[in-house]
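Peer 1: Now for the letters of each chain:
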Amino acid sequence: MLRRPFFWIIALVIAAFAVLPSIGNNVELRESLVLAAVYITLASNLNIMLGYTGYINFGSIVFFGLGGYICIWLVYAHSWPLAASLLAAGVGVSFLALIFGLGILRLRGAFFALSTIGIVEGVQAFAENFTPWGGSSGIYISPQVFQPLGGSAQALWVIYFLLIAVMGASLYLSYAIKTSKFGLGLLAIGQNEDAAAILGVPTPRYKALAYSASAFLPAIAGGLYFFKGAFIQPSDAFDLTLSTEAIVICMLGGQGTVAGVALGAYLYEELRGYLLTSSTFANFQLTIAGVLLLLIVLFFPSGLMGFLYSRFPRLKRVLE
Amino acid sequence: MLGILASIIDGVLVGLVYGLAAMGLTLIWGVMDVINLTHGAMIVAGMMALYLLANALGISPYLTLPPVLIGGFFVGVALYWIAIHRMVGRPPLMSLLSTFSVNLILIGVGTAVWGTALFNVEVSLPGITVGRYTFPGAHILAAVLAAVIAALLYVFLHYTRTGKAMRAVANNREAAELVGIPTTRVLAISVGVGVALAGVSGMLIGTLFPFTILSGDGYQLKGFIVTVLGGFGNPVGALLGGVALGLLEGMVTPFVPVSWTLVIEFALFVLVLIAFPGGIFASRRGAL
Chain V
488 MLRRPFFWII ALVIAAFAVL PSIGNNVELR ESLVLAAVYI TLASNLNIML GYTGYINFGS
548 IVFFGLGGYI CIWLVYAHSW PLAASLLAAG VGVSFLALIF GLGILRLRGA FFALSTIGIV
608 EGVQAFAENF TPWGGSSGIY ISPQVFQPLG GSAQALWVIY FLLIAVMGAS LYLSYAIKTS
668 KFGLGLLAIG QNEDAAAILG VPTPRYKALA YSASAFLPAI AGGLYFFKGA FIQPSDAFDL
728 TLSTEAIVIC MLGGQGTVAG VALGAYLYEE LRGYLLTSST FANFQLTIAG VLLLLIVLFF
788 PSGLMGFLYS RFPRLKRVLE
Chain B
9 MLGILASIID GVLVGLVYGL AAMGLTLIWG VMDVINLTHG AMIVAGMMAL YLLANALGIS
69 PYLTLPPVLI GGFFVGVALY WIAIHRMVGR PPLMSLLSTF SVNLILIGVG TAVWGTALFN
129 VEVSLPGITV GRYTFPGAHI LAAVLAAVIA ALLYVFLHYT RTGKAMRAVA NNREAAELVG
189 IPTTRVLAIS VGVGVALAGV SGMLIGTLFP FTILSGDGYQ LKGFIVTVLG GFGNPVGALL
249 GGVALGLLEG MVTPFVPVSW TLVIEFALFV LVLIAFPGGI FASRRGAL
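Going down the list, the sequences are from chains V and B.
According to the working numbering, the first sequence holds residues 488 to 807 in order.
According to the working numbering, the second sequence holds residues 9 to 296 in order.
Since the hints were derived computationally from the structure, they do not count as laboratory data.
Small disclaimer: the values here were computed from a predicted structure and weren't measured.
In this text, a Cβ means the ideal position worked out from N, Cα and C, and glycines have one as well.
Please note: incorrect hints may appear among the correct ones.
Claimed, not checked - Stretch by stretch, here's where chain V covers chain B in the computed footprint (C-beta under 8 Å, at least three residues):
hint	segment
1	100 to 112
2	266 to 274
Said to hold, decoys possible - Some chain B residues judged to face chain V by a derived CB distance under 7 Å, without partners named:
hint	residue
3	Arg94
4	Val96
5	Val117
6	Ile282
7	Phe284
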């Protein structure tokens, strides 16, 4: 793997994310890169389901929000250190995803997609009614928790670097899965599930594993993201906008490609930044995401990477 | 005990309206294997049409039914040409995404124009009182209207040329094309009818409960649950599924907080899909 150029391209991207805002303590750039890192994390992990196996997960936000909740709750109610809480969030959400996945992944195609919508509703209703998690008003944590990380200003940097690490891990995870035998099985499921099963791919187990694997890093990212804001509530944690945007990013960059998703995330982040500051479009963010998605689905189903591959076929060897 | 019975009867009345919403969904699914994720937005469109027509023009809420039905049909035909035509016969992933994006556009415009305020349409109808319990007149009338429209749909599907063509296309599109049925036009009409049903059910729900622009998602999910209970692609089953869901809601509401209802229904959705992949009231695939 170390001899593949793409491995080093990912390393370069991560280094750029880590170094650029550090130059001159550029907090503004850091905050916009936080969002880009969250997008890349969510979209890369969604891509494991959507791009490789062809199963649409409309509720990828559940992993993010649930991870946030578990992490914040452990820090707030049990005074766990951040690292342990993050790990617990990742492992816990992954485990839940495995259990749920074994159930709902027996549903094929569209039925699976429908049940992921239901999971969002279910988990949100749980968070709104579960008293230890503060019900619909959520959990606030005091800024005191930033003390072990060296005060709030330094803590924000620590969180940022951790988030970049999670983003990098997401890119490497999708890359590693894609080049592995496991990934080959997933891609086979995406092409034709019956044929894959006949050829000996253990489809139910592979799908559940992919679903669970795609839950781990978003959960940690959610923990970091909400820890950074020191506040979590159901409407933010399970905001469907974010899972929608993850789908748009996957399709924009090119489903099933690792580089495309990162590229899509960056482009979408830029577009969104422009839309939010423009007075005409500020209220129409979802609408524009919808128009973008519709155009991609109708006319460019293979996304940006598909376009680049068809123009420059050699690129296929370098960018996965 | 009588209280629970009353709650169950009321649940069945509302369930008929859910059944109507699900009929639109299952019709589109049955004819072209496309899951229409704009259904929720179309239900809300029906609600907003009810609110705007009834409040701005001051006409009776029930007189908005014909314009919603006709308008819904044309919106549906437009939806077919914009988002579905190119997706028919392609992997289900693509039609899910294309209808999902239209849903985003509609909800996005809706929230930008009306915000997420709560709308309420006043309906004053005398209810029927049995002992200490009163069944609201609006619930009874909505259930009756839903049943009438469902019956009309049945007649349309079984006794008109277009309806028969729709059933033929649902059964086997290529064979239908071979015997000279203009399949593309039939598909467009099917989406039109499906969306018209969504709009009318939204309009009827609007006379029962207050709503916001975002209410559609919940009703869409209920629509899927009903569809799954009744069997995909089976409109009559959908009506029965609606009644079953209403029955369940009626039994559950007295004991459980409202926000859990949808979760229980959703758990049922997954369980039914795993246990009866064809739906409980399913007769045979492509029965329509």
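Peer 1: Please go over all the hints and tell whether each is borne out by the structure.
Peer 2: Status of each hint after checking the structure:
{"no.": "1", "hint": "100 to 112", "in the structure": "holds (count 11)"}
{"no.": "2", "hint": "266 to 274", "in the structure": "holds (count 5)"}
{"no.": "3", "hint": "Arg94", "in the structure": "holds, 6 Å"}
{"no.": "4", "hint": "Val96", "in the structure": "violated, 13 Å"}
{"no.": "5", "hint": "Val117", "in the structure": "holds, 6 Å"}
{"no.": "6", "hint": "Ile282", "in the structure": "holds, 6 Å"}
{"no.": "7", "hint": "Phe284", "in the structure": "violated, 12 Å"}
Hint check: violations occur at hints 4, 7; the rest are consistent with the structure.
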